[in-house]
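**Q** In case you want the letters, here they are:
Protein chains: 2
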Amino acid sequence: MSRIDAALLGEDMTSQLARLERGELSCRDLLEQQLAAIDASQPVLNSYLAVDAESARRAADASDARRRAGTARALEGVPVAIKDNIDAAGLITTAGMATRRDNAPADADSPAVARLREAGTVIVGKLNMHEAALGADNNNPHFGACHNPHRPGFTPGGSSGGSGAAVAAGLCSAALGTDSMGSVRIPASYCGVVGLKPSRGAISTRGTVALSHRLDHIGPLARSARDLHLLLPVLAGFDPASAQSRAIHFAPAAAGPLRLGVVDFGDTVEWDPGIAEAFEGGLQTLLGLGHQRVDLPAPDVSPGHSRRAGLLVCEAEMLIEHADDWEQQRERFSPLLQKLMAYAERKSASDLVDAIRVLDRAQVQLQQWLAKCDVLVMPTTPQRAFSFDTDTPANQADLTGYANFAGNPALSVPLSVGAGELPLGLQLVGDIGDEWSLIALAEAFQQAIGWQPSLPQACNDWWPR
Amino acid sequence: MSRIDAALLGEDMTSQLARLERGELSCRDLLEQQLAAIDASQPVLNSYLAVDAESARRAADASDARRRAGTARALEGVPVAIKDNIDAAGLITTAGMATRRDNAPADADSPAVARLREAGTVIVGKLNMHEAALGADNNNPHFGACHNPHRPGFTPGGSSGGSGAAVAAGLCSAALGTDSMGSVRIPASYCGVVGLKPSRGAISTRGTVALSHRLDHIGPLARSARDLHLLLPVLAGFDPASAQSRAIHFAPAAAGPLRLGVVDFGDTVEWDPGIAEAFEGGLQTLLGLGHQRVDLPAPDVSPGHSRRAGLLVCEAEMLIEHADDWEQQRERFSPLLQKLMAYAERKSASDLVDAIRVLDRAQVQLQQWLAKCDVLVMPTTPQRAFSFDTDTPANQADLTGYANFAGNPALSVPLSVGAGELPLGLQLVGDIGDEWSLIALAEAFQQAIGWQPSLPQACNDWWPR
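Listed in order, the protein sequences are those of chains A and B.
So the first sequence is numbered by the numbering used here: it starts at 1 and just counts up by one.
So the second sequence is numbered by the numbering used here: it starts at 1 and just counts up by one.
No wet-lab data here; the hints were simulated from the structure.
Each hint should be verified, as a subset may be incorrect.
[What the hints assert, rightly or not] Computed beta-carbon distance windows for the label pairs: (1) B:Asp324 / A:Arg361: 12 to 20 Å; (2) B:Gly266 / A:Asn395: 50 to 58 Å; (3) A:Pro335 / B:Asp325: 40 to 48 Å; (4) B:Ser454 / A:Asp295: 54 to 62 Å; (5) B:Pro233 / A:Pro141: 54 to 62 Å; (6) B:Ala114 / A:Asp272: 43 to 51 Å; (7) A:Gln329 / B:Leu289: 32 to 40 Å; (8) B:Ala247 / A:His229: 20 to 28 Å.
[Unchecked claim] Under 7 Å between C-beta atoms, here's a sample of chain A residues computed to sit facing chain B: (9) Pro240; (10) His249; (11) Leu319; (12) Ser350; (13) Val364; (14) Ala371; (15) Ser416; (16) Ala419; (17) Glu421.
Even for Gly, the Cβ is constructed at its ideal location relative to N, Cα and C.
Given only the sequences and the hints, what does the whole structure look like? Please build it.
**A** This is the structure we're talking about:
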């Protein structure tokens with residue numbers, strides 16, 4: 001195994017792509033570095049559930065050939081990895097579930113993966129995730145916990161924990177996650193990377209194991225906000241074969257100072273120590289860029305209330321999505337998941353309507369906040385990553401759920417944190433189709449704090465020298 | 001009572017508005033003509049549930065004053081009427097239900113009515129409808145049947161039967177209806193008027209008695225397609241206080257020849273005699289305008305299957321919308337409505353998810369058809385208006401439901417029919433936001449067939465001379 005070049009692996013996708021374009025290294029070289037890093041990291045992080053090294057090497061070689069031939073595509077030769085609830089042809093889609101681990105490999109790419117491949121990316125493999133995407137610690141009982149590369153033994157967040165961990169540790173250039181109540185943004189927050197949940201329907205969710213047709217989104221995770229400039233146009237597009245897909249008209253990034261909405265959550269959210277202070281620092285940075293602060297009232301519907309309604313929607317949909325397995329091999333669902341689904345089994349159609357109307361009220365809350373500002377800013381999570389030895393807090397998705405209930409785009413970008421502190425995300429939430437404003441604001445924020453993509457210090461502990 | 005000027009009342013709104021603008025008659029004159037016609041027609045048609053003559057007269061006089069002052073608004077002085085499940089301040093919103101007939105009057109306008117008022121229209125009153133909007137014959141057990149002005153004793157369709165009948169009989173210049181599976185377009189088809197169900201969310205449905213938050217739309221009915229040019233911009237707009245509202249980007253009307261999709265429904269729809277021939281005539285007219293025909297395959301999900309799924313969604317939502325009345329005065333719901341809601345009461349949360357997924361498949365069907373053409377064309381209904389002495393057919397909404405399940409805009413415009421034949425609608429269905437293409441196509445169709453708005457012959461039977 002070649003010595004791992006941490007500086008290269010820690011660069012963002014935009015830098016790595018520029019190196020490939022300049023011919024400083026081949027696509028195959030970049031892939032081999034990442035494959036070596038994956039091998040070295042797996043015993044510690046367990047971020048991958050499957051690595052398709054041979055297919056990836058063939059794809060990288062094909063990319064190198066196209067580069068030599070002058071027919072390179074937009075993201076030619078960039079290695080990306082896929083959360084394991086999204087179909088990639090030739091690989092099993094486990095959704096982190098025992099019931100699916102022996103399934104036949106997917107015979108076709110999901111549209112999102114197909115679009116990545118058409119853009120020239122190399123699919124490296126499939127990433128660890130919380131069982132069935134219903135939960136946010138990625139302590140997977142069937143495939144093992146995925147660990148946070150900033151502090152093994154701690155959660156990377158979830159449900160796209162493998163996506164957050166692999167991107168943070170340089171084990172791919174970017175990754176896909178899914179996000180039904182925060183599952184892209186929570187791991188982005190905990191792992192110190194950027195995560196985007198786009199407007200509902202912008203990226204087709206066809207070809208995924210659904211948690212909730214209503215709430216599911218696919219979103220990219222990357223090491224910088226500027227990488228999203230490259231990823232979003234590749235991933236987004238109307239898919240007539242999906243009832244969840246929409247033709248989203250992306251507005252140009254807003255020009256001039258923005259009104260940044262700051263919600264007074266009061267005691268509707270239980271904050272860990274230090275979160276408010278870290279957020280306040282980030283907010284001051286944004287205000288220093290000339291943006292204006294708009295203070296907004298506390299939510300009418302508490303985040304906890306809408307979170308519980310969102311969970312019922314997911315659980316009821318899972319009863320249909322996994323109906324055959326639930327009927328025939330219920331014992332292969334984890335005890336906690338069995339409990340959640342059995343709860344939904346006792347609920348009536350009108351209970352579900354009731355829950356959906358709670359989500360509608362949360363959507364109206366978000367819309368009313370956004371009627372008074374251009375972009376909402378808040379911490380992505382009420383806490384940082386926590387140890388697997390402690391109880392999983394119930395409120396991880398309290399700040400992220402709104403954007404799923406309403407269908408609005410939301411982005412998590414790392415706040416500046418002190419030495420030895422774990423990462424924490426700053427969440428930006430905008431109007432439907434206003435992704436470019438969020439991305440531009442996140443990019444300006446990263447410039448303002450002098451963000452340099454790099455690997456967590458802890459990686460040095462497990463990599464071969 | 002002044003002698004009724006049938007020629008004036010039969011004109012479309014655009015013509016009547018031009019007369020007001022030229023000062024040929026006052027807003028008050030136009031209103032008085034319509035009030036006289038309402039009085040004369042009520043014993044026969046029963047299209048209004050409430051007429052607010054005094055408020056309307058004050059509003060008409062205020063319109064005349066603004067016209068004299070040179071401060072006329074877009075639709076200054078045009079009398080419009082409102083389906084009785086939409087709030088208009090000062091009037092009771094019955095939704096055609098006994099449980100609501102003694103409610104306090106609405107204390108505020110719904111956004112749609114507020115927008116009409118702000119544009120200068122005069123609100124004449126509230127229109128008859130099918131009980132709770134769940135059905136399409138408008139044989140209302142609590143307020144009496146509304147009759148078709150082309151043939152009293154026959155249904156005007158529903159659930160917006162009063163809207164169709166009042167517009168057809170010249171009893172207002174335009175009307176609002178609601179449409180959850182076809183309830184604007186079915187009465188438009190049966191009554192020989194134009195009805196538009198816009199893209200989901202384009203017109204706020206806040207301030208209505210909901211049938212289904214998922215499927216409800218508000219839409220205008222008018223005597224010509226060109227009237228929609230005036231009505232749609234007034235009615236549409238994002239409402240941050242509604243979870244169903246959307247900021248729809250209306251595309252300009254498509255230029256050049258359109259690909260018109262014609263679905264081979266085969267035996268998935270049960271057609272009355274003569275429907276196919278009438279449609280074929282309309283299609284030939286459109287092809288004569290230079291448009292192209294694209295043949296499309298039969299639906300994968302039969303219209304009947306998705307209709308039944310849509311009904312369950314409506315029924316389950318009604319259990320929540322009318323929860324208190326259902327608990328406390330169930331006997332005041334009609335026996336049929338009790339039966340429908342009791343059916344939903346026995347259904348589980350996962351049964352509802354199952355039904356929603358059937359609607360999703362119907363949406364995909366529509367999207368896949370529209371991926372191969374610009375506009376779908378089909379009859380609006382598989383039958384014409386039927387006598388109240390016959391059974392109500394189950395399949396009235398088989399062709400209209402797709403646009404609700406998918407959220408796409410759909411318009412019904414009268415086909416050319418022979419002397420003595422009852423009206424029948426031609427339905428146009430387009431991509432989300434493509435309302436202007438549908439309206440332009442309907443307008444060109446009406447020009448091609450030499451459509452002249454006028455009142456049904458039968459009106460002569462009941463009007464005073």
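**Q** Hint by hint, note whether the structure agrees.
**A** Consistency of the hints with the structure:
Judged by the Cβ atoms, the range 12 to 20 Å given for Asp324 of chain B and Arg361 of chain A holds: they are separated by roughly 18 Å. In this structure the supplied range 50 to 58 Å holds for Gly266 of chain B paired with Asn395 of chain A, their Cβ-Cβ distance being about 54 Å. Distance hint check for Pro335 of chain A and Asp325 of chain B: the Cβ-Cβ separation is about 42 Å, which falls inside the suggested range of 40 to 48 Å. Taking the beta carbon of each, Ser454 of chain B and Asp295 of chain A are about 59 Å apart, inside 54 to 62 Å as hinted.
At about 56 Å, the CB distance of Pro233 of chain B to Pro141 of chain A agrees with the hint of 54 to 62 Å. Judged by the Cβ atoms, the range 43 to 51 Å given for Ala114 of chain B and Asp272 of chain A holds: they are separated by roughly 45 Å. Roughly 59 Å separates the CB atoms of Gln329 of chain A and Leu289 of chain B, a value that falls outside the hinted 32 to 40 Å. A C-beta distance of roughly 24 Å is found between Ala247 of chain B and His229 of chain A, which places it inside the suggested range of 20 to 28 Å.
A cut of 7 Å between beta carbons decides the hint on Pro240 of chain A: the least distance to chain B is about 4 Å, and the hint holds. With a least beta-carbon distance of about 5 Å to chain B, the hint placing His249 of chain A at the interface is held under the 7 Å criterion. Interface restraint check: Leu319 of chain A against chain B, minimum CB-CB distance 4 Å, threshold 7 Å, status holds. Against a cut-off of 7 Å between C-beta atoms, the interface hint on Ser350 of chain A holds, since the closest Cβ of chain B lies about 4 Å away.
Of the supplied interface hints, the one on Val364 of chain A holds, with its beta-carbon coming within about 5 Å of a beta-carbon of chain B, less than 7 Å. The closest approach between the C-beta of Ala371 of chain A and any C-beta of chain B is roughly 4 Å, which is under the 7 Å cut-off, so the hint is satisfied. A cut of 7 Å between beta carbons decides the hint on Ser416 of chain A: the least distance to chain B is about 33 Å, and the hint is violated. The restraint placing Ala419 of chain A at the interface with chain B is violated, with a minimum CB-CB distance near 43 Å, outside the 7 Å limit.
The criterion of a C-beta within 7 Å of any C-beta in chain B is not met by Glu421 of chain A, whose closest approach is roughly 37 Å, and the hint is violated.
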